[in-house]
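For reference, the chains in residue letters:
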Amino acid sequence: MKTTARFRDPLRQRLLFLTVLWLLTLALGAWLSPHFWQSSTVPYLLQYVPVLGLLGMGQTLIMLAGGPGIDLSVGAMVSLVGLAIAGLYGLGLDIYLASLVGLLVGALLGAVNGVLINIVGIPSLMATLATLFVYSGLAVALTGGRPLGGIPGEFAWLGQNQTWNLPNQFLFVFLPVTLVLHVLLTRTVTGNHIVAAGNDERAAFLVGVNVRRLRLKLYVLSGVLAALGAIITVSWFQAARPDAGKGLELLSVTAAVLGGTHIFGGLGRISGTLLAILIITTLQIGLQLANISQAWQLGVIGALLIGSVAVDSLLGRRP
Amino acid sequence: MNAIPRAYQRELILLAAIGIVCVIFASRSEFFISERNLVTVLRNSVDLAVISAGMTLVIAMGGIDVSVGGILAVSAIIIGRAYQAEWPDAVVVVLGLATGCVLGALNGTVCAKLRVPPIIATLGSMYIFIAVLFLVIGGTWISGLPGTLSFLILGEWLGLPAGVYIIGVVYLLCWAILRRHVWGRHLLAVGSDEPAARLVGIDVDWIKIRTYTLLGLLAGIAAVLYVARLRNVEVNIGTNIALEAIAATILGGADIRGGVGSLAGTLLGVLFIKLMQNGLVLSGVSSLWETVIIGGLLLAVLTLDALQGRRVRV
Chain A
0 MKTTARFRDP LRQRLLFLTV LWLLTLALGA WLSPHFWQSS TVPYLLQYVP
50 VLGLLGMGQT LIMLAGGPGI DLSVGAMVSL VGLAIAGLYG LGLDIYLASL
100 VGLLVGALLG AVNGVLINIV GIPSLMATLA TLFVYSGLAV ALTGGRPLGG
150 IPGEFAWLGQ NQTWNLPNQF LFVFLPVTLV LHVLLTRTVT GNHIVAAGND
200 ERAAFLVGVN VRRLRLKLYV LSGVLAALGA IITVSWFQAA RPDAGKGLEL
250 LSVTAAVLGG THIFGGLGRI SGTLLAILII TTLQIGLQLA NISQAWQLGV
300 IGALLIGSVA VDSLLGRRP
Chain B
0 MNAIPRAYQR ELILLAAIGI VCVIFASRSE FFISERNLVT VLRNSVDLAV
50 ISAGMTLVIA MGGIDVSVGG ILAVSAIIIG RAYQAEWPDA VVVVLGLATG
100 CVLGALNGTV CAKLRVPPII ATLGSMYIFI AVLFLVIGGT WISGLPGTLS
150 FLILGEWLGL PAGVYIIGVV YLLCWAILRR HVWGRHLLAV GSDEPAARLV
200 GIDVDWIKIR TYTLLGLLAG IAAVLYVARL RNVEVNIGTN IALEAIAATI
250 LGGADIRGGV GSLAGTLLGV LFIKLMQNGL VLSGVSSLWE TVIIGGLLLA
300 VLTLDALQGR RVRV
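Residue numbers (numbering that gives the first Met the number 0), protein chains in the order written: chain A, 0 to 318; chain B, 0 to 313.
No wet-lab data here; the hints were simulated from the structure.
Fair warning: there could be bad hints in the mix.
[As the list claims (entries may be wrong)] The following label-pair restraints were derived from C-beta to C-beta distances: (1) A:A29 to B:G137: 22 to 32 Å; (2) A:L174 to B:D202: 49 to 59 Å; (3) B:V101 to A:I291: 21 to 31 Å; (4) A:T187 to B:N43: 46 to 56 Å; (5) B:A15 to A:N160: 55 to 65 Å; (6) B:H180 to A:T189: 42 to 52 Å; (7) B:D204 to A:V114: 29 to 39 Å.
[As the list claims (entries may be wrong)] In silico SDA-like cross-links for lysine to any residue, where the CA-CA straight-line distance does not exceed 20 Å: (8) A:K245 to B:F133; (9) B:K112 to B:L198; (10) A:K245 to B:I292.
Keep in mind the model is a prediction, meaning the values are calculated, not measured.
Beta carbons: idealized from backbone N, C-alpha and C, even for Gly.
Required output: the full structure, derived from the provided sequences and hints.
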């Protein structure tokens, strides 16, 4: 009985499906462009993983905890925190100190979302749609739409340099964070509480989980992860653009959902999201190297987003 | 269903808010209250007003559509291309409306038949619509379109701008659907409690497809009006209109959880948003602050709604 249960485990099936899909996108990339199947593609590809990856992890945890939870403001938080960091540096603050303050700003922006949703009681979709516009609007309005540059060159080590042929941002930020979140979700009580809250919030509440506080914390975490993404972006591009995070909210939702996270919570895994992000990034890089219009990327990602949820619903993973 | 005095509370509050905003802006800029400016505001509001009427029905049904900007864009390209091919006006208009219907029906079908939650379905379809937009016009504008439809915006009849009649007809029609037709009853039932609606025998899937198609049709009408007004199709067409329509609908008293919606409230919400945008620009505030202010307004209303009687579960 145990083996059949294992065999039918939707998450395992999902991981298998995602692995096959990733191999297919790799094959597609190799078929589309002769430049794709080279060792230099690996660091190039991995460079694009961390920012989206961090946001996707936050999105996964928020969705997993149920509610239903979603954070559409992640991209706007990346833009706004990036500007805060560059702005503080411009005022004479040390760049590392500015990054630290940036993390606090991210936590604050995330806390605003968390309070609006879990204390005030606004549905997450509307609350974060509104903060998406407030945050991204602020980013544009405060700078007049112009990027803030002048980031010191020595700060570029994080976003531009490599160690052991791997981008530093991937090796020193994304990998550890993913590992910690994976352990948090699978090996700790908090992780169990997150899944429990997503599965049945009433039951979770009755056995003593403070569901509201737990979810609030996850929105704060999402803000901090977005701030980490902002630090990487600033280091990488040596500037903070007011539209740096534009569109990332949709990509991060796609990553979480494609990775097998149930949109209404209770089901999902960090490894699934990780595979989904690899798929999305491989697709982007493959099409880019083959010189195919960016529009196709958007179209394919949109189809993936709808398709992955439709398949879940039709196969009857919890209606 | 509530006591009658409460029924129009939201509309009255909005009316008062519009009055206060008008007095404030009029005191800062004389031009604001002039007939010419108010007619301009009205002309700029028509496409948002038309889309918001459909958004009200969709939200009352418990749905949401963030892809209306994409539908507007794709319809506008089809209209632009048909114009460039020098097809007759009537054909061009019908083609634009038909495109809107088809794309709306597509959204509805994905929500209903594939059981995809509306936010995911329309986020995904928005990507796809934007992709279509870029693939067809490839980062350039379609410009210099003929002005044969301009009468829809610039025309006047009995001393009132054409927009008043368009808005009037659309809102009357949507009101009739929502309040005087089974469609509206069933749509509100789906929004209040979908499983219950299914159990009493309502064809929920068909209601969803119809309502999303209606919103698509209205987005197609908005595309015709857009082309008539600006006579070009630019790359970032329709980027903010979904949020503005959702904001107007929520301002107007609709509940994002479904089951509640007011067309009169939505129309007042549209006017409020457009008057704010216009007034802020006239009083010297950069238009870059527009999104912050609309978002902030939306947050304020959501917060008040949430604090007024609804408690967080758990």
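Hint numbers contradicted by this structure:
Violated hints: none; all satisfied.
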